[in-house]
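Given only the sequences and the hints, what does the whole structure look like? Please build it.
In our numbering, the protein residues as written are 1 to 97.
For the record, the hints were derived by calculation from the structure and aren't laboratory data.
Check the hints yourself; a few may be wrong.
[Claimed, not checked] Simulated restraints on C-beta separations:
| no. | residue 1 | residue 2 | range |
| --- | --- | --- | --- |
| 1 | Val2 | Asp66 | 38 to 48 Å |
| 2 | Ala55 | Gly76 | 17 to 27 Å |
| 3 | Met74 | Glu42 | 16 to 26 Å |
| 4 | Ile60 | Phe39 | 13 to 23 Å |
Just so it is clear, CB atoms sit at the ideal spot from N, CA and C, and this is done for glycine as well.
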Amino acid sequence: MVIKTESDLTPAVLAVMNRTEDPRLREILVSMVAHLHAFVREVRLTEVEFREATAMLNEIGQLHTDHHNEFVLMAGSLGVSSLVCLLNNGDRGQTET
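Shown next, in the form of structure tokens:
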């Protein structure tokens, strides 16, 4: 598929993601791409902002060691790890967040 316009991009990427064999992984990748593309459109992310964001993620990755995972800490700061625990365990109190 030739990508000629901005509106061609998401369907092209989704077509590739839809080739993923594992059904659950396919569901996750398709949803992630759709939401990320929608986010970029919603905030009208600039090229400078994109470079700054990827530089920050690169820096976080470089802080990773065998005993320290900066990505997990960032996920906690964003509330993602708590949300995953709550979605998987509800309010049964089995997993402390």
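So, going through the hints one by one against the coordinates:
1. Val2 x Asp66: 38 to 48 Å: The hinted range 38 to 48 Å holds for valine 2 and aspartate 66, with Cβ atoms some 44 Å apart.
2. Ala55 x Gly76: 17 to 27 Å: holds, 21 Å
3. Met74 x Glu42: 16 to 26 Å: Cβ of methionine 74 to Cβ of glutamate 42: about 21 Å, so the range 16 to 26 Å holds.
4. Ile60 x Phe39: 13 to 23 Å: Holds, at about 19 Å.
Of the numbered hints given earlier, the model fails none.
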